[in-house]
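Chemist: The lines below spell out each chain.
Protein chains: 2
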Amino acid sequence: MLGLMQNRPLLISTIVDYAASCHGERNIVSRDADGLIHRTTYAVVAERARRLVSILRTLNVNFGQPVATLAWNNFRHLELYYGVTGAGRILHTVNPRLFAEQIQYIINHAEDGYVFFDPAFVPLVEQLVPFLPQVRGWIALCDATDMPAVKVENLLCYEDLLAAAEADRDWPVFDENTAATLCYTSGTTGNPKGVLYSHRSTMLHAFGACATDSLAFSACDSILVIVPLFHANAWSIPFAAAMCGAKLVLPGPRLDPESIYRLLEQEGCTTAGGIPTIWLNFLAWLEPRRSSLDLSRLKLKRVLAGGTAPPRAMIEKFRDWMGVFLLHAWGMTETSPIVTVGAPLAKHDGAAPAEILDMQVRQGRQVYGIELRIVDAEGQALPHDGQSVGELKVRGNWVISGYFKAEGGRVLDDDGWFATGDVATIDPDGYVQLTDRLKDVIKSGGEWISSIEIENLIVSHPDVFEAAVIAVHHPVWQERPLLLVQPRPGSNPTKQSILDFLSTRIVKWWMPDDVVIVESLPHTATGKLLKTELRARYHGHLAVSD
Amino acid sequence: MLGLMQNRPLLISTIVDYAASCHGERNIVSRDADGLIHRTTYAVVAERARRLVSILRTLNVNFGQPVATLAWNNFRHLELYYGVTGAGRILHTVNPRLFAEQIQYIINHAEDGYVFFDPAFVPLVEQLVPFLPQVRGWIALCDATDMPAVKVENLLCYEDLLAAAEADRDWPVFDENTAATLCYTSGTTGNPKGVLYSHRSTMLHAFGACATDSLAFSACDSILVIVPLFHANAWSIPFAAAMCGAKLVLPGPRLDPESIYRLLEQEGCTTAGGIPTIWLNFLAWLEPRRSSLDLSRLKLKRVLAGGTAPPRAMIEKFRDWMGVFLLHAWGMTETSPIVTVGAPLAKHDGAAPAEILDMQVRQGRQVYGIELRIVDAEGQALPHDGQSVGELKVRGNWVISGYFKAEGGRVLDDDGWFATGDVATIDPDGYVQLTDRLKDVIKSGGEWISSIEIENLIVSHPDVFEAAVIAVHHPVWQERPLLLVQPRPGSNPTKQSILDFLSTRIVKWWMPDDVVIVESLPHTATGKLLKTELRARYHGHLAVSD
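Top line first, the protein sequences correspond to chains A and B.
Take the first sequence: its letter number 508 is residue 508 in the working numbering, and every next letter is one higher.
Take the second sequence: its letter number 377 is residue 377 in the working numbering, and every next letter is one higher.
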């Protein structure tokens with residue numbers, strides 16, 4: 001027997017309408033490349049977003065077809081977030097920081113009919129145009145006076161299109177499983193793969209984000225959105241904020257610490273979301289200025305950090321300097337992204353500061369809507385005891401079921417779990433601690449050894465500049481850790497001094513089977529250790545040295 | 001094009017599983033009629049709830065069939081909340097305070113196969129049994145030693161059934177639109193009508209309840225659930241609490257102020273939900289004890305009040321005595337129930353206390369997921385200007401689409417709006433202020449006059465004990481207000497003194513066309529003014545008096 005309740009599709013347009021009708025005057029603040037502030041409101045953003053429905057129709061972008069954006073965080077990008085999805089078209093947010101070849105691949109793969117771009121990206125656009133035969137037009141996100149001199153066919157002006165368009169009175173209504181946004185994962189191997197979010201997944205994820213133990217947004221919040229709109233739905237902030245009528249502050253391209261500080265202060269930001277790198281820079285800039293700036297004027301209460309783990313010292317500085325709680329969240333493009341959020345439990349009420357910090361440095365607890373588990377090499381679920389180490393798998397309504405155009409083939413196991421590629425422990429309270437990437441973990445006789453933990457330890461040795469721990473083949477244990485060390489300039493550490501240093505800090509069976517002192521370690525273009533190359537080079541190392 | 005995200009049905013069992021796996025040790029505290037405390041956990045409740053799946057199967061309660069409860073707020077009732085719905089059966093929570101004839105009608109109408117009852121309700125059960133031929137068995141919510149001596153066929157013991165049952169390993173999976181719970185509205189006219197909630201509506205409503213600007217539950221909360229589990233899903237607290245792992249405190253039948261106070265204190269309750277009557281009694285009891293009780297030991301931060309409007313003085317007392325924020329919410333059985341919640345906006349940060357009180361006495365703002373509007377007599381939408389008065393209509397995924405078995409016929413208009421029967425204003429910030437019931441409002445020449453507002457004013461006249469304002473027929477204006485006044489014992493107000501009193505307080509066209517001094521006013525069994533009788537008696541009053 002079915003219930004007798006209304007059943008209306010979960011569509012993104014309903015949150016835009018909610019924000020416009022219940023929080024119509026709430027501000028959306030953008031700062032452009034020149035530092036100029038632009039103010040608009042949910043009511044105006046929603047009205048302009050509804051004009052996009054007829055613009056897309058006129059441009060012959062049909063229901064279910066994608067358009068791309070190359071844009072920073074600003075109100076026009078936000079209008080596209082709501083307008084393109086509300087129209088039932090797909091918003092493909094492209095990361096302009098990728099190599100031009102990757103962008104070219106992504107836009108061709110997605111078959112985007114139009115690209116909406118910030119004028120700042122003219123050089124990139126000119127580079128891309130010859131290689132994007134399917135793009136029928138380029139729409140500059142500016143008004144007529146700011147139109148860039150760019151040699152492309154069918155260059156259109158966003159503001160002119162809007163001025164000429166009429167706003168549809170009602171949003172189209174369609175199946176809530178319809179695709180809404182598309183975001184490619186950069187991926188360390190192979191081509192980028194697309195994640196195609198649905199309206200249903202986006203809406204349930206936004207509900208999850210608004211929960212008190214999640215991002216906890218409220219109508220009282222003013223949110224500085226540093227995380228880019230092209231990065232996994234900007235952690236759902238544009239949707240969750242509209243769902244509760246929070247003020248949005250969009251910083252544009254300037255993310256230097258002083259610009260961030262000024263926005264926090266001027267716009268009364270209560271919360272701000274960005275990756276730890278941004279916050280490291282911010283705190284470094286702030287440290288010598290703490291006495292001259294009146295930090296008590298800030299209304300900042302919470303900082304959201306994700307992407308990588310924020311260091312403990314960062315969490316302490318936010319707490320001690322500003323009384324700000326750093327909320328550490330974790331997820332992936334494939335998970336919309338919110339999986340875990342580091343919200344406290346009742347037991348943390350009155351707990352020692354160190355215990356609260358211990359909690360905050362972890363990746364957080366799963367929010368309702370996500371299921372997660374850790375499994376061993378045979379796929380058996382492991383206990384949540386804070387000790388057992390296994391691959392993290394997730395499941396839920398905002399987790400991918402497959403990549404766009406079936407790239408990468410099947411991504412779920414028989415029970416519907418998505419393997420994150422991360423290795424983790426889960427403690428009895430549910431807090432997840434990532435320990436390694438699965439490809440970097442050393443599988444020694446059925447047990448797992450974290451390469452990252454050993455690396456993090458040995459870099460505190462005074463003679464070590466950088467270190468890499470990789471798995472090398474072992475006839476008995478299958479894999480054993482090999483430690484590669486690049487000494488600090490001028491120092492000359494011995495193998496034994498390295499091993500002695502580690503021996504008091506890790507269990508015996510984690511001890512590297514050998515230490516190799518090297519002149520330098522190979523890195524990727526983005527500065528990460530190139531372990532694939534090291535593994536290939538040292539694969540037979542133990543056999544040779546024995 | 002559809003998105004490529006997982007699509008799992010929104011089932012109540014998923015929140016039970018979440019609570020059991022992520023907050024397994026979190027307490028569910030019940031107090032029985034004797035004041036004894038029983039403690040259990042989400043893990044145990046979930047395990048016992050899963051045993052109910054096989055119990056219902058054994059009892060031949062099939063998928064989609066209802067069972068009834070006659071029970072106070074306790075852990076066994078909570079287990080039925082999760083177990084019966086999780087099994088895909090329908091949980092019909094019956095209000096044991098109704099007249100036996102109403103209960104009999106309701107259980108027969110619902111066709112409940114079994115009734116789960118607290119032993120305290122034995123007298124009621126014995127009264128009901130002869131009239132409930134479809135009930136195949138009665139299950140006492142107790143263990144074997146507490147089994148009541150009650151003469152019914154097929155009397156079963158809940159704890160014996162549980163002890164004999166095995167917990168199903170996995171919950172059944174089914175369509176999220178499947179019926180989950182059933183609750184009858186008492187209704188002032190005609191027979192009670194059933195509202196049949198679905199899993200989808202219940203889950204979306206629970207998401208709505210967990211939002212920061214809504215009930216804002218968190219894992220850190222300990223929630224005293226005074227609102228009965230048989231009253232509109234207890235405002236969704238059992239579902240929302242499990243969704244975030246909040247501790248639940250279930251007070252059983254004893255709702256006297258001292259019992260409430262002890263639970264608040266002993267269980268570290270951070271929030272508590274109940275109707276204003278409960279809180280009026282509580283505060284009256286507390287007032288002379290404020291100095292002897294150490295109120296600082298309470299962890300209470302918020303009180304949820306709904307059902308009727310909490311008086312301003314109540315809100316002030318909670319604030320001044322305990323630093324507690326009274327969160328005023330509004331809804332109906334037909335709306336799951338949450339429609340509006342009185343959460344503050346950014347503008348209230350630092351606002352004058354009186355302004356915040358002005359906000360709190362209103363019914364609150366609509367939460368995302370609910371659409372609402374006020375319409376005039378022709379059904380035209382009125383502006384949200386805080387002045388325009390119209391009938392309140394609501395729409396959304398947790399609003400009824402029709403009553404059980406189509407009682408009452410069509411309940412939605414052509415655009416899907418449900419008419420609440422309430423008359424309200426909505427201010428530019430979205431705060432709703434109920435002004436009257438539609439049936440009591442006076443429709444004078446196309447404008448509406450609130451009977452309640454005039455009644456509330458005139459009872460502050462020193463000579464007035466009680467007053468009723470009703471619509472009487474008028475040849476020109478269709479309806480005009482007639483004021484009936486019952487004087488205070490010993491006083492003898494004149495018609496003119498009453499009118500003089502009002503004339504400085506309401507606009508001229510609201511002034512009653514006549515005042516009748518009466519000896520007494522008729523009331524319903526529950527103490528409400530019986531306006532139907534007054535309207536019948538005075539229908540032609542103006543024609544006669546002119």
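Accuracy of the hints is not assured; some may be wrong.
Stated by the list, open to error - A few chain A positions that, by computed beta-carbon distances, are all more than 12 Å from chain B:
hint	residue
1	R51
2	Q104
3	L132
4	P133
5	A144
6	E166
7	K299
8	G323
9	D349
10	G369
11	R437
12	E455
As the list claims (entries may be wrong) - Cross-link-like lysine to any residue pairs, in silico, SDA-like; alpha carbons within 20 Å at most:
hint	chain 1	residue 1	chain 2	residue 2
13	A	K347	B	F465
14	A	K508	A	T532
15	B	K347	A	M1
16	B	K405	A	Q266
17	B	K347	A	V361
18	A	K347	A	T333
19	A	K443	B	K299
20	B	K299	A	L345
21	B	K347	A	Q266
22	A	K347	B	K347
23	B	K301	A	Q266
To be verified - Chain A regions said to be covered by chain B (calculated; three or more residues, Cβ under 8 Å):
hint	segment
24	444 to 450
25	459 to 466
Read the hints as simulated data drawn from the structure, not as lab findings.
Heads up, the beta-carbon is just placed ideally off N, CA and C, and yes, glycines get one too.
Chemist: Honestly, which of those hints from before does the structure not fit?
Modeler: Hints 7, 9, 10, 13, 14, 15, 16, 17, 18, 19, 22, 23, 24 and 25 contradicted; others consistent.
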